[in-house]
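Visitor: These protein sequence lines are chains U and H, in that order. Residues in the first sequence are numbered consecutively from 1, following full-length UniProt numbering. Residues in the second sequence are numbered consecutively from 1, following full-length UniProt numbering.
Note that these hints are calculated values from the structure, not bench results. These numbers come from a predicted model, not from an experiment. This list has only true hints and no planted wrong ones.
Note that identical chains are pooled: a pair holds if it fits in a single copy or bridges any two copies.
Okay, derived cross-link-like pairs now, DMTMM-like style, lysine to aspartate or glutamate, Cα gap no bigger than 20 angstroms in a straight line: (1) Lys44 x Asp150; (2) Lys325 x Asp253; (3) Lys144 x Glu41; (4) Lys144 x Asp38; (5) Lys219 x Asp251.
There are 2 protein chains.
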Amino acid sequence: MNNNSYSKATYRLYDDKADFHKKATGIAVGLTVGSWTDLPEAAKAQMQQHLGQVVSVSAHESDIPGERYADITIAYPDVNFSRDIPAFLVTAFGKLSMDGRIKLIDIEPSADFLSAFPGPKFGAQGLRDLLGVHDRPLVMSIFKSVIGQDLANLREQFLQQALGGVDLIKDDEILFENPLSPLVKRVEACVGAMKEAEQATGQKLIYFTNLTGPTFSLKDNAKRAIQAGANGLLFNVLAYGFDALAELAADPDISVPIAAHPAMAGAFYPSPHYGISAPVLLGKLMRIAGADLSLFPSPYGSVVMPKAENLAVKEALLDAPLPQKAAMPVPSAGIHPGLVPLIMNDFGPEVVVNAGGGVHGHPGGPAAGGQAFRQAVDAVISGQSLEHYAQSHEPLRQAIELWGVRTS
Amino acid sequence: MNNNSYSKATYRLYDDKADFHKKATGIAVGLTVGSWTDLPEAAKAQMQQHLGQVVSVSAHESDIPGERYADITIAYPDVNFSRDIPAFLVTAFGKLSMDGRIKLIDIEPSADFLSAFPGPKFGAQGLRDLLGVHDRPLVMSIFKSVIGQDLANLREQFLQQALGGVDLIKDDEILFENPLSPLVKRVEACVGAMKEAEQATGQKLIYFTNLTGPTFSLKDNAKRAIQAGANGLLFNVLAYGFDALAELAADPDISVPIAAHPAMAGAFYPSPHYGISAPVLLGKLMRIAGADLSLFPSPYGSVVMPKAENLAVKEALLDAPLPQKAAMPVPSAGIHPGLVPLIMNDFGPEVVVNAGGGVHGHPGGPAAGGQAFRQAVDAVISGQSLEHYAQSHEPLRQAIELWGVRTS
Ligand SMILES: [Mg+2]
Ligand SMILES: [Mg+2]
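Construct the entire structure; sequences and hints are all you get.
Guide: Here's what the structure looks like:
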């Protein structure tokens, strides 16, 4: 079996009684050539190249009802499907997704399959290059409230967030085309604020405009936003499928970084028995499809993902051996300045500290909120405790007075 | 609250301790205006129209850990999102999908929202009109094996299935663009066989060609297939998102019925705690988006969906009060002629009897397999038992000798 011509998928399959090896063979045959043992020898010779292969079956025996499972890896011949993510997912987890308690927990597409995907245009490093920031985690701020806000209000929100020195500002994922803040006017308003803030702070910013609308209008909408000055796009990938992201990322005219929002991801990853694991969904697939940044629930907030799963998402984005550029991990929700040492300890230097309430809820306002995050980052970089650094940095002091410092 | 301007979503939320009413208010506020109680009165007056509303909270108390839950219905102002399914789903189950044990179990989009969706071009009735069959369930056959098969083989498979008198023949959902059977040539080969069979049987057929490839090429591929003679399309909706289906269905040049395949649906519906329920996913959303037929796991085979859930999918497709035409339910997997009385009893007359192995595995070959299904349908329609009818109908006799008759 040549690894360059087979793409692998690993499943966790729960069953109290099944013969897991038989089950694995059933998958390898059933999702490829359909039947095998009853084929004439001549047909077998011809069909061999299309036959799925069982790579491994690792059973975890248990007598406790509901706890016996196996991790099964199947290799699917690339010759069976086209070079797009829907084809791979429908092959590897189309019908099979409905076949009992089974979860897709890893994928290893072949080098040949992967070669069809240019991946992130910028990636983690390219994003840093755009910003000229190489020596610290990036700081992202999210609009506090966007629904029902007019352009003047959005502009002012943008400006206040930007003045504190954050690197990235993103739309809320639930801001759609609407009469109060239509796409191009919204971009123009926010880019105006961005320029004003850059003048004031001397620091570069990227604004991720939410890319929405009908599927077949996404490219046009992206280009209109870019034309109007947007230098980043936010995209609800799972509502449109991974291929839409892949094609946006591959379009040379969409010349800005794309941040993948995990909206709807909770419909896929949290069950132990069904769905697609977070490191596959929000890690490998987002990176292969071309997300420059991938947002996912942090282990710190109320929208919780266990820390081990978080770190596996991060590793898929940054370290998995893929030809696509590394994508920037953005653990999100529940982030305040007092968490920065923990985030940097958990995630390392290649991370975006992404805050909503932690910026807007600051007693000194959002500009002070942004400053507090930047000061927290500076404290960790310079090897000082937040408490000590806060003695000479008022925004940070106010932040930790309000939210405290969490070290584990 | 005007029902024409709010779209509702119902969630089942498991939590051993939560104040469900507080939780509901948190959803209604958090997914719309963001914050409410701390807004100044003037802002409240302006934001009222954007504020989500708690419609109902129905708690199911339990002291058993893991069993306490509430069904919560929230109404989202239509003014907050655009008239596309990604916008509605991201609003109603984007971030919320990641917020603990929560499953989307029903949706009730507003009349205004629904008015943006033309829905199925044909629907159940239109499909019958195309075929000229109004007095019995339709019979569909699926190719037995397609991967690695050349055009001559596919043509012959098509012909043999068609000669037995089935109404509908569909590609396998895992047949993608490939050198052996590229789209246009495959359509031409199968349409040739279709014409030959129609000559022989005097009966009309629809061939559902699998529509695959990159998202932004779907419309072109659909039109190429139709140009080559395809009079139906099969589509893996969940790999591309509901909007892709909606836009295909709304395109006047895509003038053939679309059958929605449920590939990947098992990643969404089976968990009691997470995801999207089958009647929403494979019922309401498929119909709103424009599927003329929706396939879903039957309650009879190895790929199982409980019968109550099956019937709820069927009801969403046929009976839910929606402005879109009713879509034809296609319970699939494990179907043989001996199940036809049960299927017709469970589903009523408006159903597609969809068989793969039950056609191809017939001792007399696939043409006899198709005949056996048609005879089983005729037996039920004429009020006779399969056993009695089989005495004078050899293909049916052979089928029930092999597979038996299942009555419950
Ligand atoms: Mg948000
Ligand atoms: Mg199939």
